[in-house]
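Engineer: If you read the sequences in order, they're chains L and Y.
Taking my numbering, I'd label the letters of the first sequence as residues 359 to 672.
Taking my numbering, I'd label the letters of the second sequence as residues 359 to 672.
In short, the hints are calculated from the structure, not lab data.
Be a bit skeptical, because a hint or two may be false.
A pair holds if it fits inside one copy or across any two, identical chains being indistinguishable in the list.
Said to hold, decoys possible - No farther apart than 25 Å at their CA atoms in a straight line, the calculated lysine-lysine pairs in the DSS-like style are these: (1) Lys492 to Lys368; (2) Lys420 to Lys639; (3) Lys657 to Lys378; (4) Lys598 to Lys475; (5) Lys417 to Lys366; (6) Lys415 to Lys378.
Just so you know, these numbers come straight off a predicted model, no measurement behind them.
Protein chains: 2
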Amino acid sequence: MEVLFTIKLKPYQEERLVTKFPDVTFHFDKSADDKEIETAAAIVSYGSNINVALLEKAKSLKWLMVASAGIDKMPLAEIADKNIMVTNVRGIHKTPMAESVLAHILALKRSLPFMYKNQEAKEWNRRVRSSELKGSKALILGPGAIGSEIGRLLQAFGVRTIGCNRSGNANPSMDEMIRFDGLLDRLPEVDYVISVLPSTQETRGLLTEEHFQAMKETSVFMNFGRGDLVAESVLIEALKNEMIGHAVLDVFENEPLPVENELWALPNCTVSPHVSSLSGKYVERSLIIFEGNLEKWLKADHTLDNLVDVQKGY
Amino acid sequence: MEVLFTIKLKPYQEERLVTKFPDVTFHFDKSADDKEIETAAAIVSYGSNINVALLEKAKSLKWLMVASAGIDKMPLAEIADKNIMVTNVRGIHKTPMAESVLAHILALKRSLPFMYKNQEAKEWNRRVRSSELKGSKALILGPGAIGSEIGRLLQAFGVRTIGCNRSGNANPSMDEMIRFDGLLDRLPEVDYVISVLPSTQETRGLLTEEHFQAMKETSVFMNFGRGDLVAESVLIEALKNEMIGHAVLDVFENEPLPVENELWALPNCTVSPHVSSLSGKYVERSLIIFEGNLEKWLKADHTLDNLVDVQKGY
Numbered sequence: 359m360e361v362l363f364t365i366k367l368k369p370y371q372e373e374r375l376v377t378k379f380p381d382v383t384f385h386f387d388k389s390a391d392d393k394e395i396e397t398a399a400a401i402v403s404y405g406s407n408i409n410v411a412l413l414e415k416a417k418s419l420k421w422l423m424v425a426s427a428g429i430d431k432m433p434l435a436e437i438a439d440k441n442i443m444v445t446n447v448r449g450i451h452k453t454p455m456a457e458s459v460l461a462h463i464l465a466l467k468r469s470l471p472f473m474y475k476n477q478e479a480k481e482w483n484r485r486v487r488s489s490e491l492k493g494s495k496a497l498i499l500g501p502g503a504i505g506s507e508i509g510r511l512l513q514a515f516g517v518r519t520i521g522c523n524r525s526g527n528a529n530p531s532m533d534e535m536i537r538f539d540g541l542l543d544r545l546p547e548v549d550y551v552i553s554v555l556p557s558t559q560e561t562r563g564l565l566t567e568e569h570f571q572a573m574k575e576t577s578v579f580m581n582f583g584r585g586d587l588v589a590e591s592v593l594i595e596a597l598k599n600e601m602i603g604h605a606v607l608d609v610f611e612n613e614p615l616p617v618e619n620e621l622w623a624l625p626n627c628t629v630s631p632h633v634s635s636l637s638g639k640y641v642e643r644s645l646i647i648f649e650g651n652l653e654k655w656l657k658a659d660h661t662l663d664n665l666v667d668v669q670k671g672y
Numbered sequence: 359m360e361v362l363f364t365i366k367l368k369p370y371q372e373e374r375l376v377t378k379f380p381d382v383t384f385h386f387d388k389s390a391d392d393k394e395i396e397t398a399a400a401i402v403s404y405g406s407n408i409n410v411a412l413l414e415k416a417k418s419l420k421w422l423m424v425a426s427a428g429i430d431k432m433p434l435a436e437i438a439d440k441n442i443m444v445t446n447v448r449g450i451h452k453t454p455m456a457e458s459v460l461a462h463i464l465a466l467k468r469s470l471p472f473m474y475k476n477q478e479a480k481e482w483n484r485r486v487r488s489s490e491l492k493g494s495k496a497l498i499l500g501p502g503a504i505g506s507e508i509g510r511l512l513q514a515f516g517v518r519t520i521g522c523n524r525s526g527n528a529n530p531s532m533d534e535m536i537r538f539d540g541l542l543d544r545l546p547e548v549d550y551v552i553s554v555l556p557s558t559q560e561t562r563g564l565l566t567e568e569h570f571q572a573m574k575e576t577s578v579f580m581n582f583g584r585g586d587l588v589a590e591s592v593l594i595e596a597l598k599n600e601m602i603g604h605a606v607l608d609v610f611e612n613e614p615l616p617v618e619n620e621l622w623a624l625p626n627c628t629v630s631p632h633v634s635s636l637s638g639k640y641v642e643r644s645l646i647i648f649e650g651n652l653e654k655w656l657k658a659d660h661t662l663d664n665l666v667d668v669q670k671g672y
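Isolated chain L, as found in the complex:
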């Protein structure tokens, strides 16, 4: 069996794989243009280089391991057509992403941006408008692995958590669960609206102007899922008209966010360049999932971990 990596590994990681799987031929450090694509049964990539042209060339491909959570940019119809199995690394993002969300929430609550600015000017300015996170209320759109970890941490800070998804099924990290159709009614009472939703037919454009009008004027909207949850024009208007207090955005309609985009300069918007899931431990964690799945694959056990439902898109 041949496995091709377009993800760059450290030498010790390559050695470990070669030693651990003597019957597998590994092609490390390859790109989509390399001819080994044709004979690889498995490809390990970040997903962004998987397109129709590559699928045409990859005649032996049976398993695509994507070291990312979202697969919305990939040609899913063609992948389904060719019966290629797809696994991702969902779950490994939950720690860095939840820590990022809490970092932004606490930084705003405890006046860190104000403090950093004053330090640059060497100005001892105690006129912070700090408040406390404790006792506030958060609505989490998409209480899966990541959303639940965010909810668990918020609960530790004494925040009441409301989870929102399609099913509304109970979740231990959410004090309450609601369904998408109940979302609008609950927005007026929450202090944080945090989305970690994937991009699917159901979530694209889920939030509209009506939703931002329903939110508290002091509320913080955080999008750490996908940029197509809400039209950027709607979001910009909501921020300019102070319908909400602040937005923290890790995802955008177009990435990189073009320099002329108004979001960069809005005083009540934090632009995070899609980095909330990054962590020094990322590749190693992805490899551990891959190695477990490769062991199964070699035993013809196709009940892989983190299998993606290509039809549903997550």
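Since the structure of chain L is already known, use the hints to place chain Y on it.
Structural biologist: What follows is chain Y alone, placed relative to chain L:
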């Protein structure tokens, strides 16, 4: 009984006190120069205006309520001499302070200062060096009400907590407790050294160059207690020589921190202008403690809450 406030209250708070305690004469909005000082049995202040001159004038003073945690700047010997009871508001700081400490830790871990700077330049820069808080180790100097709350939150993030004080007695928010005499031995293994110690004979100058040399080069030192825990010259050398990775300081030898102080401009130092305990809920919470104590006082019950041991200084 006469009670004098040098703390400014909101009209509704004054009205509540007058209604709730009809037998008490309240003097609101007073300063140390007002003649009502002479007849007041209780004074409610932030503590900074309590000096020997005031104590001379306050001939009827029996109870001093200080809406602050530290009383180290007050003339303690004279207060003890005159048998004046002192209560403070320890405990009400724990939420805002713990949230501030976590805000700074997470902001550094998840690259928020880097992100804010890039946003000002409208630069989409994903070369963050973000890592995860989970799995790290923190040493908390002074695991009282505030330190324990910091420990509890760190534990929720998967951080191992080591508490350090005089007794070394067990504490549920600390995975381990050590005594001051064991501090130096444990510094080489921890990622965060967080002090919330008050200023006492025992804590002044507790940390020396030897301690900073023992810390990890990547470690973060946070002083949220009192500025005299370590000589500022020692701290500045430690930061300049990169003995540690970063310092976050909420307290200083001299406050406000003079503009010529080197700490302002060190790239691995965050200057927080003694604001970590501030919160919009501060005065109201202080009043609630005061009201409970006033009820006791009027019943000649002198087992007041938050009584300060004037001899020990905390």
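Engineer: Give a verdict on every hint.
Structural biologist: Hints versus structure:
no.	hint	result
1	Lys492 to Lys368	between (42 Å within a copy, 23 Å between copies)
2	Lys420 to Lys639	neither (27 Å within a copy, 59 Å between copies)
3	Lys657 to Lys378	within (14 Å within a copy, 77 Å between copies)
4	Lys598 to Lys475	both (22 Å within a copy, 22 Å between copies)
5	Lys417 to Lys366	within (23 Å within a copy, 77 Å between copies)
6	Lys415 to Lys378	neither (28 Å within a copy, 82 Å between copies)
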